[in-house]
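Student: Using the sequences and the hints given, assemble the complete structure.
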Amino acid sequence: MRFNDALLGLGFLALSIAVLVDIQGFPSFQGQSIGPGAFPGLIAVLLACCSVALIWRGWRERREQGVIAVGAWLSSPRHVRNFLVTVGALVFYIAAADRLGFLICGTIILSSLFLSLRVKPALAVPLAVLLPLIIHVMFYKLLRVPLPWGVLPVLY
Amino acid sequence: MLATYAQAFSLVFEPYVLTVILCSAIYGLFVGCVPGLTATMATALLVPITFFMPAVPAVAAIVTATAMAIFSGDIPGALLRIPGTPASAAYTDEAYAMTKKGQAEVALGAGLVFSAIGGLFGTLVMITSAPALAEIALKFSSFEYFWMVVLGLAGAVFIGNASILKASISLLLGLLVACIGLDNPAAHPRFTFGNTELTGGVSLIPMMVGMFAISEILRFMVHLDPPLKLATEKIGNVFKGMWGLLTKYKWPLVRGSALGTIIGIQPGSGADMAAWMSYAVAKKFSKEPEKFGTGHVEGIVEAGAANNSALAGAWIPAIVFGIPGDSITAIAIGVLYLKGMNPGPTIFIKNPENIYAIFLVFILANLIMIPLGWLTIKVAKTVLRVSRHILMPTILLFCIVGSFAINNTVFGVVLILIFGLIAFVLEENGFPVAPAILGVVLGQMMEENFITSMIKSDGDPSVFFTRPIAMGLAIATFVILLWPVGVWLWRQRRSFSTRRSV
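Just so you know, the protein sequences line up as chains X and S, in that order. This note's numbering puts the first residue of the first sequence at 1, with every later residue one more than the last. This note's numbering puts the first residue of the second sequence at 1001, with every later residue one more than the last.
The set of hints was computed from the structure by calculation and includes no laboratory data. For glycine and all other residues, C-beta sits at the position ideal for the given N, C-alpha and C.
List of simulated lysine-lysine pairs, PhoX-like, C-alpha gap at most 25 Å:
(1) X/K120 x S/K1229
(2) S/K1284 x S/K1101
(3) S/K1100 x S/K1378
(4) S/K1381 x X/K120
(5) S/K1381 x S/K1234
(6) S/K1339 x X/K141
(7) S/K1284 x S/K1250
(8) S/K1250 x S/K1240
(9) S/K1229 x S/K1378
Have a look at the derived ranges for each label pair, beta carbon to beta carbon:
(10) X/V70 x S/T1192: 35 to 43 Å
(11) X/F92 x S/T1019: 34 to 42 Å
(12) S/L1138 x X/G88: 48 to 56 Å
(13) S/F1465 x X/V52: 26 to 34 Å
(14) X/V70 x S/A1132: 49 to 57 Å
(15) S/I1349 x X/F92: 48 to 56 Å
(16) S/M1242 x X/E61: 44 to 52 Å
(17) S/M1242 x X/D98: 53 to 61 Å
(18) S/N1195 x X/G66: 33 to 41 Å
(19) X/E61 x S/T1196: 41 to 49 Å
(20) X/G66 x S/L1482: 30 to 38 Å
Tutor: Spelled out as C-alpha cells, the structure:
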C-alpha cells in the first residue's frame, strides 16, 4: 500500500512538531546552554525540514502518485485475511498470554495461521499442538525463560 | 600476541563452542536457502538464544550463521530465480540463466568456492587492520567520536540509496527512537508516555526482531507470487572446473574481495550493496561484457566473493569504534554490549583474547563453509520443498518467545508488533530500513559525544573543527554530504552548456 509522499510528509511533520512541543517541558541546567531537549530538538527540526521537502515532492507528483496506491494484495481477500490474522495473533498473545499461558496461546495462534494459509487440517492441528510444546520445553526448560503457564498447572 | 592467540585458540577449540559453530552453520545455511528468510533475519532470531551463552560462543554463532546464510542465498537464486537473501539478488538472473543452460553446478560451485575465498580475504584484512586502527582510535576524544558517528550515518544515508530524502527521514526516525528513555545526559525521562517499560529505552533486540523478522513475515503473508518451481533436479559435481575458474578469474576475484571489504567497512552499506557494485564493476572491466546476463560465470565469481568479504569488512568499524558497518553488525554490536565486550579500541587492551577468538571463528566459518555448503547443495531440493506455510507461523512463535526472553515481559511482544508494522509500511513506501537501525544504535553515542564536547568547549562549536583528526573527519563528512549536490550542479551546468551549443 503506497501513500502519496505528501501524506507521509504531513505525518512526519506532525511527529516533529509533537516532539518540539514536548521538549519545551524538559528541564535545563543552570549555566549550561545544552539540556536533555537539545538533541531531540535538533533532530525534530531536521525531520521537519525533510518532511516539508517530502510534502513538496508528493504534491508535485500528485498526478503520477495518486493519493493512495492500493497494492495488489489489498484486493485479494485471502491475503488481507493472512495479514490480519498475523497482526491479530500478536495482539491476541499480548492480551491473553498471562491469563491463558504460552501453550494454549501458541496452539491457538499456530492453528489459526496454518488454517488461514490453507495448510491441511490433518497436518495443521497436530503441528499446532506439538510445535508450541517443543518451543516451550526448549526455552522454559533449557534456557530458563519464565514463559507463563496460565490456566494449565506447572507440568515440568 | 602469540600467547594471546594461543589463549584465543583454546577459547574457540573446545567442544561446546565447536558444537555451537556447527549448529549455527546448519541454521544459517538453512535460513539462507529458504526464500523470504534473510541473513539479517537469521541474526535477529539467533540473538535471543545467544543471550544465554558466554561471550565467545555467542559471537561465534552470529558470525558463522551470517557467513553461511550469505552463501546459501545463492542456492534458490540459481534454482528458483529467487534470491535467498538480498545479498544474492545482484547475480540471481545470471545464475538462473546458467542453470537453464544446464550449468547449475558451475553457478553453485562458483558461489560456494569464491564466497569462502572472499570471506577469508575480508577476514585477513580485518585481522591485520583492526589492531592498527585501534591504536589510532585510542587517540580519539569525544570530538573525533562525534565526527566518526556523523560520518557513519552520512554514509548510511548518502551511499547507494535510491532516495536520499527518504533515507534521511528513516535515519532521523531511528535517532528519535534512540532518544526515548532515561539514558541521556540529564537522566530526564524523554518520550516515555509514563510507561515504566520505556524508561530504559526501546530494547534493541525486540526492535530488530520486529523490523527484520515480523516485517518479513507480514510481507510473506501478502505475497501474491505463484508457488516455487525448481528449474532443475540434476546438480553435478560442484567442485569440477573450479581450479580453472580460479586461475582464469584471479583478478576479478581479488577486485571483488577488495571492493567488498571496503564497502563492508563503510557504515550503512553491507553485503547486498557490495554484490551489486562488484557485479557492475565486473561487467565494466570484463573482456567479454556482452556475455553478462546470458549465463556467464565471471560476475558470480566477483560478486560472490564481494558479498562475503563485505561481511568481515563490516566488523572492522564495529569492533574498533563501536560503529556498525551494516544491519547485521548493528545487531552483533548489541550482543557484544550484552556480553560485556563493549566494542571500542580498548577492547584490544582489556580482553584481546576474545577479539582474537572472533578472528579465528571467522576463519573457521569460511573453511567449514566448503564441506557444509556442498552438503546443502546436495539436499537443496528437499530444503526448498519445506513448506513456507508451516515455517512462517512457526517463526512468528519464535519471534514472540525470543522478544519475551530478553526482559521477561510481554512488552517485548508489543515492541515487535509496533516495529514490525512500521518497517512493513516504510518499506512498502520506499523507505530503506537500514539507516533507521543505525540511527537507533548510534543515537546515544552521538548525543553523548556531542554533549560532552559542547560542555568541554564551554559551548563553543569551533572546537569540532580545530583538532587535526576531528578536522579531517569533518572534511570527509562534508565531502559525502555535498557530493550529491556537486554532482547535481555539474549535471545542470553540462546540460546548460550543451543546450547553448545546440
